[in-house]
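> Listed below are the residues making up each chain.
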Amino acid sequence: MIEMEWALIIGFIAAGIRTSAPLMLASLGETIVERGGILNLGIEGAMLISAFTGFMGAFLSGNLWIGLLMAILGGILTVITFGILVVRINLDQVVSGLAINLLAAGLCLYFFRLAFSQGAFPYLSELIGPYPIPLLSQIPVIGEVLFNQTIFVYVGIVSVPITYYLIFKTSYGLKLRSVGEDPLVASYLGIEVSKIRYTALILEGIFVGMAGGLLCLSMFNVFDTRIVAARGFVAVSIVILGRWNPVGAFAGSLLFGFTEALSLWIGTFLIGPESASISQLLSLLPYLVTLIALLIGGRRVRGPAALGSPFSKE
Amino acid sequence: MELERKRSLALSKGTIRSLYKAGISIGFALLLTSVLFLLTGANPFLAFYYIFAGAFGNVSLAAETLVRTTPILLVSLGLAISFRCKVWNIGAEGQLYMGAMLGTITAVTLGNTPLTLIISLLVSIAGGLAWASVPAFMRAKLGINEVITTFLMNYVSIYLIQWLLAFPFRSPDTLFPESAQIPSSAVLPVLVPYTRLHLGVIIALFVALPLVHFLMMRTTFGYKLKAVGENPEAARYGGINVGRTMFMALIISGALAGLAGFVEVSGIQFRMRPSLSPGYGYTGIVVALLGQNNPVGVALASIFLAAIFNGSTTMSRALGQPQGVVDFIQGVLVIFVLASEYIIRYLERKGVLKV
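Sequence lines, in order, name chains A and B.
If you want our numbering, it's the 1-based position in the first sequence plus 8.
If you want our numbering, it's the 1-based position in the second sequence plus 131.
The set of hints was computed from the structure by calculation and includes no laboratory data.
Because the structure is a prediction, the values reported are computed rather than measured.
Think of the CB as a built atom: it goes at the ideal place given N, C-alpha and C, for glycine as much as any other residue.
Incorrect hints may have been included.
What the hints assert, rightly or not - Residues from chain B that face chain A, not an exhaustive set, calculated with beta carbons under 8 Å:
id, residue
1, 373
2, 416
3, 466
As the list claims (entries may be wrong) - Derived DSSO-like pairs: lysine-lysine, alpha-carbon spacing no greater than 30 Å straight-line:
id, chain 1, residue 1, chain 2, residue 2
4, A, 203, B, 481
5, A, 203, B, 272
6, B, 485, B, 144
7, B, 144, B, 217
8, B, 357, B, 144
9, B, 357, B, 272
My request is simple: use the sequences and hints to build the entire structure.
If you want it as C-alpha cells, here you go:
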C-alpha cells in the first residue's frame, strides 16, 4: 500500500517535469529576445504554427523527427516574420505580437481544414516517448523522475546553463544586453542592433519551435487550434517572474508545470458525484495561479530598459 | 471638380490617411485571399460574388449580417476606447462571456417581470466591467502588462463558465451543458418579421455608437485617452492621471463586451451556452485596428467583417472551400493594417501618393 502511494508520488513528480517542458523551452527563448529589448507576444502564435507544421510534417512523412524539424522551421519562420515587423519596419511590438497570434490562428484553422475534410479526425499513431538514459535511469527515484523523460525535458534542462552562459558570459550576450538596455548607445559603440536582435529571434524560433512541436509530437497526438492554450502567454509571465534570468525561467516553468500536473492529478483521485464537477473546475487552476503569481511577483519589476520600444537610427 | 474640392475640404488629412490605410489593408488582404482561392482551385471572382451574395443577397441574409454585426460592433467600440490610449485589452472574449453568464443568471432568477430585460442588461454591463477591472487594477496600480493578464483571464472565465453551465446552472430541461431558457420578458424584440434582426442592433448602432463617438470626440475623457495613447509621459506632465485613464478605458471596454454577451443571449440564443461566441472578442481586435479606433470607422469595419463571416459560409458551401476563410482573412487583414503605414510612407517617398 505504502509502496503504491510512493509510486504515485514519483509518477506525479515525473509528470510535473514533463508538463513543464514546453514552458521551459518557450520561456528560455523569450528570455533571450527580451534581454535584447524585444517583447515577443507573438510567441503564442509561433507555438501554434510550430505545432501545426510539426503535426503536418509527422503525419505526412510518418516520421516524428521530420515533424520536429518542421516544427522548428515553423517556429523560426514565424518569429522571423515578427522580427521583420518590429526590427525592419519598426512597428509597435505589442500590436505586431497580437497580429502574429491572429494570423497564426487564421492560417492554422484554414489550412488544417483544407488538408482534412470535415469530420476527419487525423491523429499520429505514435508519440515521441521517454528516452531513458542508460545507467542513470536505474537510480531509484531520481532516475525515474529526471532520467526517464522525453528528449524535450533533457534539452530544456541542459539549455538553462547554456542560455545563462550565452547571456552573461559571452561577448554576444554582452552586446545583446546592451542592445536591450539602450540600443542607441549600443549602435554608437558600433554594435549592429538589428543583427544582434535577428540572431536572438532565430534562437527563440528554435526554442519555440520545439515547445510548440512537442505539444503535438510528444504530449497530444492530435492537432487543434486551441492546443497551445495560452502556454505562450504563461511563458511570457514566467520571464517576468524569473526576472529575465534563465534560472528564474526554469524555476517558474517548474511551478506552472507542476500546477498543471496537479490539476490533472487531483482529478484522478476524486470519487463520488462531485468528482467530475471539481476536476472540470480545476482546469482553470494553472491560469489562476499565473495571475496570482503576477499579482504578487510582477508588480513594478524593471526589465531591460528598452524592452518593447521601437528603435530606428534615423 | 468643385464638389470634389468641397469633399476634400470636409475630410481632414488624418481621415484621408486613415481611409488610405483601410483601403490598402483591405485591398492587400483580398488580393492575398484571391491567390489562396486560385491555389485551391476556386475562381476568386466567383468566390467574392458568393461572399457578397451570401451577406446581402436578400432581406433575410442582410438581416443576418446585421445580426452578426451587433456583437462585433459592441465589442469593437469598447476596444477602440481602450486601444486609443494604447491599453491592449485582448480579454474581450472573457468579458463577453462573463457579461452573458451573469445577465443570464439574473434573467432566469428574476423570471417574468417588466424590468427583467433592463436589469439583466445592466448586470451584464456590470459583469464585463467587473471582470475587466482586475487586469485594469493590475495595469494601473501595479504596472503589470494588461496583454498578458486580460488573455489569461479569458481562460479563467471560459473554464469557470463551462463548469457553471455543466453543474450549478445546468438547464433542467435539456441534455446539454447550457443554462435554462431566459424568460420571455428578457428577450429582445424582433424588428423585422420573419428574421432574427432584434433590438440589439439598435442598441449597438444608435445608442452605443453615438455614445462612444461623443465620449471619444467631445469630452475631456476622450482627450485624455488620446493624450495618454500618444505620449504617456507628456500626459502625466500635463496633469493627466495616466493610471486612472487607463483603468477607465479598460473597464469601459469590458462593460461593452459584457453587454455584447447578453445581447447575444437575449436576441439570438435565449440560453447561455459554452459556444456562445465564435471568437467575437478577437474579431473585435481586428475591427478596432482596421477602423483605426474611430467609432464610425469601427462601425463600417464591423459590417465588413460580419459580411465576410456570413458570406463565407455560403461561399464555402457553393465552391466546396473549407470553413475558416474568415479566420484567414482576419489574420492577413491585421498584418496589412499594421504594414499599411509603412506602405503609405513608401508610396509617398516614391511620389506615387500624396497625403
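> Would you pick out the hints that fail for this structure and give their numbers low to high?
1 and 5
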